[in-house]
Amino acid sequence: MGRVSANEKEWLRSPTHFYSDVRAGISPALIIRDPELIKHILLKEFHHFTDRFATADEKIDPMGGKNIFLIKGSRWRHLRSNLSTTFSSGKLKRMFPLVVKCAQDLRDYVRENGSSKDNPLDVKDVMARSAIDVIASCMYGIDSGALREPRGEFRKFGKNVFAFSPKRAIEMLAFFFTPGLIRFVKGMFFQRHSDKFLRGAFTEAVKERETGESFRNDLVDVLLSLKRNKLEEKEIKGITKKKDTKELKTLEYTDEDLVAQAIIFFTAGFETTSITTGFALYELAMNPQVQKKLREQIGQVLDTHDGHITYEAISDMKYLDMVLSETLRMYPPLPFLDRNCVKDFTIPGTDIVIEKNTPVYIPTLGMHRDPILFPEPLKFRPERFTPENKGSIHRFSYLPFGEGPHMCIGMRFGLLAAKTELVHLLSSWEVEPCAETPRTMVLSPYVLFLRNLGKIPLLFKEVQLPVPDEFQELANALVVLSSTAEDGEIEVRISVGVWLATLIGAVVFVISFLFFTRHFNYWVKKGVPCLTPTPFVGNLLPMLRLQECPGVLVASLYNGAPKHPYVGFFIFDRPAFLIRDPEMVKNILVKDFEYFSDRHTSADESADPLGAKNIFLLKGPKWKYLRDYIFKNGVTVNRPIEMKEIAVRSATDVITKCLFSIEELTDEDVVAQAAIFFTAGFESTSITTSFALYELALFPSIQWRLRAEIGAVLARHGGNITYQSVNEMTYLNMVIKETLRMYPTLPFLDRNCVRDYVLPGTDIVIEENTPVFIPVLGIQRDPKYFPRPDHFDPERFSDDNKKFLTPYTYLPFGEGPHMCIGKRFGMISAMTTLVHLLARFEVSPCEATPVPMVLSPKVLFLRSLDPIPLVFKEAELPHDLLQ
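Position in the sequence shown (first residue = 1) + 1437 = the numbering used here.
If a hint is listed, it holds; no wrong ones were tucked in.
With a cut-off of at most 25 Å between alpha-carbon atoms, the simulated BS3-like pairs for lysine-lysine come out as follows:
1. K2028 / K2260
2. K1827 / K1481
3. K1476 / K1509
4. K1963 / K2000
5. K1496 / K1644
6. K2023 / K2000
7. K1730 / K1816
8. K1509 / K1793
9. K1898 / K1538
10. K1593 / K1538
Quick caveat, the hints were computed from the structure, so don't treat them as lab data.
Given the sequences, and given the hints that come with them, work out the whole structure.
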């Protein structure tokens, strides 16, 4: 790679020398070390240095030669200007829920595998696997499973992309320093086996998105819009020169071009994110005062955001930003920048000419650790980047993402992902070094990106967010105020008061801890697999923090034990039982119903008569009598229903008009049933119709087919929307069923064991009064029962396919005697509402439509976190419709 002699090293250390000539192989090359001159190279005189020097042979290595990192000239300008739209503020906000989901998976992984003094985690490996999940999910809509499966294919091939061997060392030397050798060594920018795997994975992702017509607004959609030539001229202004515009409009992109971009974004994205988070955790473990200060700020900011880790909350964490800036200073992922001089350039203030085709290198790592630019460069000091201090840092001496037009376009996404992961970890754990943690970080000589040599084992100690210093000072002040004015007496009272308060607090804590954990070995004694509970709250912590709604929490518990037919968990300190096996679900809901005849959910009749007396919460003979009566005497819907409003308003009108024909109800029992039918009715109907419209907007081919069916059926019925015509719409029925599979209104079922029950085929006894839960959402999104569960596919419920569904895996209305008695009414209401809308309008997403859907953590029923804005465009049905 060209050697730097001892004299040259000494010359480079001199603050009066701003550049140096070295050898890149056999060619002259220039190293720039002056920030002002770097500014000219990267920005002011960019037209002299538009290309990177690193090169790949497109014929031998199309994935290397065609990606945005190595592509050159006008093709690079066109690609960059259009791909940069992937990381706009609006799109980052829409991606944020996916980042949070991956960060929550990381937090759960650490809780299950690392919250023990005897079990340090290699954060280098863990953060790499988590970063793969983040990039794959947010950029490409792929569930890589890297965190769950350490030896999975995405982790294996991602890890090996830039892994070094003697041959890879020669190849990397050729790419960055002696491109003339590339053809001779037949170099591949991405390691061969990784290239083949990633090319296959991303080709499939692109083709699936192209044929499925779904819309996520992510990198794959941007790449497809390039291929379809749908980018507007306004999107390439600012970087592209006017004289190039005509040429750029004629550029066409093949599948190979698109996959090349997908691979470079994936590899560069997960490398930079994992390197940054891994080194940040290491430095925080080695600098506990910095970690303490950061955790305090995280607690303060989350308090102002009601405990929610939101996009805005992350943006408010200024000290976190400083910590990451300092991490990137000490450990820039790509430790140097390279440029090729495309035309002769005279160094300002000199007569020195950098000739055309001279490689120019900017030593990012060297500058970041230069004591002239950053005093005490090996000391981790986030305060370098306070608003007061960073003004004294020359902009072009701090270059972790480069600068100028070649600056990393994924910078903001990478920082957002790293911050979100750190917040999820540090809000639950204190990170400490262990005996095996390297006290001095040694960088690996075998990799392209900056990595340490060996592992980074750290301990994760579960903690609560600390009380900020100002609150501790307030407590101390109160002790002082209770003292007398004599100095000696004040000192004694403070120390005694603090000691006594500490002792009482410790005793109360120990007693409370023992009380709330007394049952935590209950399931272990019975030989039942159990999810690890948290003292005082059991397995409810994500729900109590308003991170997950009850249904998503139960689904998470379901996903936490994939190899077991059942699993134990805890509601605070109370043992509860979760069913995962469909055959066991059948036993609980139907075959052995007499053991589980009541719901676990209850209400106090004296405090809440309407809650306790409604059919949903009634128990025993009262429930059975009332259900039989309502079932036999309920309303049958057999007339046309006019519904012109959407979602909640429409559903409310339907429930009140069709079910209740009187205005004043005075009998408490009757009112209780009226209340539950009203609330459950409008919730379930509005949720189903709004989610159905959302999915139809994202899948226009499904919407087109449904509107075609509506047109054909209504044409046979003279254009009239009747009970009979709606029931003939079989594809509409499939659409509603798929909506209810993805978004079951009540995402779990609960039962109470009314007498001891032996699980069939085992000697395990579910004792009387044990709550039993069936995770409807978890089962209906399990790929074991519904392949590609997050994909909206009504064909699952066609006559040919539904016979393959496993019984008792589709439970949107429950099953058995407790099955929802308003099921048929809810279905006909939702179907009729959709027919009225789709007969007149075509529904499509807009810029503000949330993609993907994020569920609210604050509700019992399944609801979206944000509004669902959709565009309604008046359109003719594919078949003629008589008005």
